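Chemist: Sequence:
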Amino acid sequence: MTAKVYQPDQELETKVKKATERISENMHIVANEPSLAFYRLQEHVRKALPPMVEKRVEVLALQQQLLGRCYDVEYAQQLKYEEQRRHKKDGNRDSVYKRLSAHIPTLDHLPDEISDVVRETANRVESMMNHARYSTEIQKTN
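In terms of my numbering, the sequence shown opens at residue 1 and continues consecutively.
Rather than coming from a laboratory, the hints here were simulated on the basis of the structure. This one's a predicted model, so the numbers in the text were calculated from it and none came from an experiment. Every residue, glycine too, gets a C-beta built ideally from N, C-alpha and C. Please note that the accuracy of each hint is not assured.
Unchecked claim - No farther apart than 27 Å at their CA atoms in a straight line, the calculated lysine-lysine pairs in the DSSO-like style are these: (1) K4 <-> K15; (2) K98 <-> K88; (3) K17 <-> K4.
Said to hold, decoys possible - The following label-pair restraints were derived from C-beta to C-beta distances: (4) Y81 <-> Q42: 54 to 60 Å; (5) A48 <-> Q84: 52 to 58 Å; (6) Y81 <-> A132: 17 to 23 Å; (7) N26 <-> A61: 49 to 55 Å; (8) K47 <-> Q77: 44 to 50 Å.
Take these sequences, add in the hints, and give me the full structure.
Modeler: Laid out in structure tokens, this is it:
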């Protein structure tokens, strides 16, 4: 038995090489075909869109919460400003009352009718001041 020695066939090798090159080229063309590219884009969008939509919904909800908290802060600032302004007015009102109270004893030299009117006015002012303080305290407790 004699062993056959393999001798390459040049013509066959050339044909095989050309065929594999054509197959490779066709595979490359198919892989980069526009419709395939659209398919890949579609798959990417299908996978990536739901998480993006969820995040967008989450961001919008957070934005609404933040907006609500901003309104709360603005409202609190406005309340604080109004309260400070009201206290300032109360201080002015108290100082007017104190000045009036300080001047009442100096009016002893006036005739009796006027002194009675001044005393009555002082009593009314004092009762109004007490009523204003009392109503302010009630508002603060509520």
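Chemist: With reference to the structure, classify each hint as holding or not holding.
Modeler: Now for the hints, and whether the structure bears them out:
1. At most 27 Å may separate the alpha-carbon atoms for a hinted pair to count; K4 and K15 meet this at roughly 23 Å.
2. Taking the CA atoms of K98 and K88, the gap is near 15 Å; set against the 27 Å cutoff, the hint holds.
3. The hinted pair formed by K17 and K4 meets the criterion: a straight-line CA distance of about 25 Å does not exceed 27 Å.
4. For Y81 and Q42, the hinted distance range of 54 to 60 Å is satisfied, since their beta carbons lie about 57 Å from each other.
5. Separated by about 53 Å at the C-beta atoms, A48 and Q84 satisfy the suggested range of 52 to 58 Å.
6. Taking the beta carbon of each, Y81 and A132 are about 20 Å apart, inside 17 to 23 Å as hinted.
7. Taking the beta carbon of each, N26 and A61 are about 51 Å apart, inside 49 to 55 Å as hinted.
8. Distance hint check for K47 and Q77: the Cβ-Cβ separation is about 46 Å, which falls inside the suggested range of 44 to 50 Å.
Figure legend: structure checked against the earlier numbered hints; every hint is met.
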